[in-house]
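Position chain B against the provided structure of chain A, taking the given hints into account.
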Amino acid sequence: MIHKRVIPCLLLRQGGLVKTRKFSEPQYIGDPVNAIRIFNDKEVDELMVLDITASKEGNAPDFGLIEEFAGECFMPLTYGGGICEVAQARQLFASGVEKICLQTAILDDLSLVSRLSDQFGSQSILISVDLKKNRFGKHQLYSASRGKTLFKDWRSFIQQAVLAGAGEIVLNAVDRDGMMEGMDLELIEKAAASVSVPIIAMGGAGSMSDIKAAVDAGASAVAAGAFFVFHGPHRAVLITYPRYEQIKEVLGS
Amino acid sequence: MISILNYGMGNLASIKNMLKKVGVSAEIIENAKEVDEAQALIIPGVGKFDNAMQSIKIMGLHDALNKAALERKIPILGICLGMQLMTRSSEEGKLSGLGWIEADCRLIKVNRKNFKIPHMGWNTIEIQKVNPYFDGNFTEHRFYFVHSYSAHCDSSADILTTTQYAGEFVSAFSSGNLVGVQFHPEKSHKFGASFFRCFAEEHKLFH
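Residue numbers (the working numbering), protein chains in the order written: chain A, 1 to 253; chain B, 1 to 207.
Here chain A stands alone, though its shape is the one from the complex:
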């Protein structure tokens, strides 16, 4: 039987891997190709690589590097960062990427989602939303590339994105990012109740029981960064991934 997916998410910054806390303090982790090779050997369910500076700096995806990643991935690979044209998506798919993840380019206009899903199928088009709590504890859409919150209802935004053809929603809780103190279950529940497509929950996983709680709250998959690249209280870099038997035991089927 199928189990929910557990997905390492790697953050790319100027060609190197970093891990952030609440979207700041990027700590250098290492060489991406090396890390991807290790994750491949550990037989991860899927892998996600997000370039966190591409859109901010107005750069296109680093196609050469991504092709190198894809050559090391014998599991599905999702790439996000700097994608704003159909031609870029085509090049990414041709180089061996299975899914692409959109954010900055679609915050104001979802037509790119429609054009991409018509051509490549919804299953390969993900959108990611970053959500930050305001001082009243209300979740607001946040744009990291613009460094500000947006005043539109996040739930109707993801619903519109699904109507436009998004196949999965990456739901990232900014306040939980890198903290390894548990995921935002209330947020996950709301998102799962709002759309029919899979929710990939991200932000805060620090243990398998955190992942289990997210799945129980309605996530179809859980992505995590710090949990898979840090070890111990001093955040020493060590790449790990639970054994299949362990995932099966915790998440059941």
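Worth flagging that the hints you see were computed from the coordinates, not collected in a lab. Note that the structure is predicted; figures quoted are calculated from it, not measured. In this text, a Cβ means the ideal position worked out from N, Cα and C, and glycines have one as well. Certain hints may be false.
[To be verified] Computed from the model, here is a short list of chain A residues facing chain B with C-beta under 7 Å: (1) Gly64; (2) Gly71; (3) Ser95; (4) Gln123; (5) Pro198.
[To be verified] Listed next, the stretches of chain B that the computed footprint assigns to chain A, with coverage defined by at least 3 CB atoms under 8 Å from CB atoms of chain A: (6) 11-21; (7) 46-60; (8) 115-129; (9) 178-191.
Below, chain B alone, put in the same frame as chain A:
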């Protein structure tokens, strides 16, 4: 040598990567003449049924494919949508399929909550007939799936493996020289590598 058909609908690079890892030489082909010369063929497929059939027709591949499958009887492996094209039809589209396997594709029925469409992620298979494609040394075979439709075979003799997802569906079929798999062996770690290795060994494609 194995030829991967490029008709604009597939993840060719991923398949080529996996074959390289396994040690099978592969080429990407895209016209009828090359199909006529192929000694074994992979039909990949990501996308919609009608778009794929239309593309096969527009590119003038239909006759060459029929000849390869039914007259020359070369080994042909259909992956995901490529598998579905080997059947007569799909609920996803209006066009006829290649019709090599007596089967039709239907939308997966989900009755219970918690089951989403598409069926996406890793799942196991249950082997339904003796075959050379799945290494008996694995206690369990796991593969990556992404699909909303699945094949329903007329004859249970064609069913190679089944998988559970809100019920049971045919996750692989085979008939003579033809094999179709609903999962993505090119994205299924050692299980996928082993599948390609077995396929290549069975059809003597290691050179």
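Structure-based check of all given hints:
1. Gly64: violated, 14 Å
2. Gly71: holds, 6 Å
3. Ser95: holds, 6 Å
4. Gln123: Hint on glutamine 123/A: holds, closest Cβ of chain B at ~5 Å, below 7 Å.
5. Pro198: holds, 6 Å
6. 11-21: Three-residue rule met by the stretch 11-21 of chain B, so holds; n is 7.
7. 46-60: holds (count 3)
8. 115-129: holds (count 8)
9. 178-191: Contact hint for the stretch 178-191 of chain B vs chain A: holds, 6 residues under 8 Å.
Violated hint: 1 only; the structure is consistent with all others.
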